[in-house]
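Number of protein chains: 2
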Amino acid sequence: MTMIAPTEPLFHHSSKAYLGLIHYPVLNKNAQIITSAVTNINLHDLSRAASTYGLRGFYVVHPIPDQQELAQRIMSHWTSGYGAAYNPTRKEAFLKTHVLAELAQVLSDIIEIEETPPRIMVTGATPRSGQISFDQARQLMTSGPPILILFGTSWGLAPEVFERADFILEPIWGPSPYNHLSVRSAAAIILDRLLGRTSS
Amino acid sequence: MTMIAPTEPLFHHSSKAYLGLIHYPVLNKNAQIITSAVTNINLHDLSRAASTYGLRGFYVVHPIPDQQELAQRIMSHWTSGYGAAYNPTRKEAFLKTHVLAELAQVLSDIIEIEETPPRIMVTGATPRSGQISFDQARQLMTSGPPILILFGTSWGLAPEVFERADFILEPIWGPSPYNHLSVRSAAAIILDRLLGRTSS
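Chains as they are written, first to last, in this note's numbering: chain A, 335 to 534; chain B, 335 to 534.
Careful, some of the hints might be misleading.
Note that the list lumps identical chains together, so a pair holds whenever it fits in one copy or between two copies.
[Unchecked claim] Cut-off 20 Å, straight-line C-alpha distance, at most; resulting in silico cross-link-like pairs (SDA-like, lysine to any residue):
{"hint": "1", "residue 1": "K363", "residue 2": "T413"}
{"hint": "2", "residue 1": "K425", "residue 2": "H514"}
{"hint": "3", "residue 1": "K430", "residue 2": "P493"}
{"hint": "4", "residue 1": "K425", "residue 2": "L404"}
{"hint": "5", "residue 1": "K425", "residue 2": "N362"}
{"hint": "6", "residue 1": "K363", "residue 2": "T423"}
{"hint": "7", "residue 1": "K430", "residue 2": "P451"}
{"hint": "8", "residue 1": "K363", "residue 2": "S442"}
{"hint": "9", "residue 1": "K425", "residue 2": "S488"}
{"hint": "10", "residue 1": "K363", "residue 2": "P479"}
{"hint": "11", "residue 1": "K363", "residue 2": "G415"}
It is worth saying that the hints were derived from the structure and are not from the lab. Computed from a prediction, not measured in an experiment: that's the story for all the values here.
Turn these sequences into a full structure, and let the hints guide you.
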């Protein structure tokens with residue numbers, strides 16, 4: 335086996351990609367529409383993944399002011415509180431994380447930055463008619479208007495979010511028929527498939 | 335853009351791969367060797383990812399009996415407690431998750447199953463001399479003896495674990511120089527790079 339010497343990979347920031355984590359409207363296990371709770375670890379893991387894959391922004395979307403405030407408080411510990419000195423890489427990860435009440439505000443924010451509305455791509459664990467492949471989705475990253483990739487918490491995005499989408503991404507499958515990944519794992523894998531590369 | 339109809343992917347279970355999550359010896363932020371605490375969400379996310387990617391086993395390695403018991407108690411809620419009825423997919427994910435005190439016990443367990451010792455592959459966020467590429471690592475999955483992929487909690491695996499490894503996997507890089515992923519995200523991405531595929 336040939337071994338490789340560690341080298342600094344070449345970095346590029348050509349994609350205009352954004353991430354959104356939706357807490358409403360999402361489904362519960364009985365396919366009812368609910369509002370899910372903010373989860374500390376989701377903010378951390380998705381902010382870190384968004385930074386690794388060079389995303390231009392990560393939006394935490396929650397309609398309830400108390401929950402928005404909780405998300406802000408968690409982040410401020412790391413961006414300006416004790417955590418900022420303890421772990422500067424966490425501060426860096428949160429710099430592009432924003433908390434907004436609804437998808438419409440996310441679209442407005444991206445339009446303000448990019449001067450054009452993003453294409454919306456939704457993700458989920460269920461195969462759906464009209465879905466696009468990972469290869470097709472990867473092409474969308476390298477040209478055209480900005481793209482907003484949406485993930486649902488709890489049991490996934492509600493049908494009304496799918497209806498607003500320009501693209502539905504095919505589900506992740508491994509070699510097993512089991513495909514119940516956490517939203518943290520699914521987001522990491524999808525960002526890697528769409529924006530990652532192996533350095534060798 | 336051509337859209338694809340959702341189809342059932344073909345599943346295969348040809349790899350003899352195992353996952354290990356190490357809590358000792360790992361490093362803290364000052365590069366000192368420590369024992370880290372069991373984290374509820376790591377058990378869930380890595381068990382679910384291991385099931386998705388068809389691993390033969392996931393070992394949670396912790397030297398302290400109280401912490402082993404905590405890990406077992408978390409899992410038993412989902413395998414035989416209330417959670418087993420509430421979410422059967424979580425029960426399924428934990429079926430191949432085992433808690434052991436040290437790496438030597440993991441090796442013995444795999445030898446008992448496979449009748450041969452596994453090759454050990456370690457992972458980390460720092461480039462190292464002698465590391466192998468993801469392409470090379472992917473080849474290791476499809477032939478030869480079983481392979482045990484090790485992940486470190488906290489600030490990563492201690493040097494003594496690297497010394498015991500047969501292979502050191504290159505770090506994950508996205509398009510950004512930031513590469514501070516959580517162990518949950520890193521494990522998901524590595525399993526996908528080594529064992530995943532796109533269905534189309």
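**Request:** Find the hints from earlier in the document that the structure breaks and name them by number, from lowest to highest.
**Result:** 3, 8, 10
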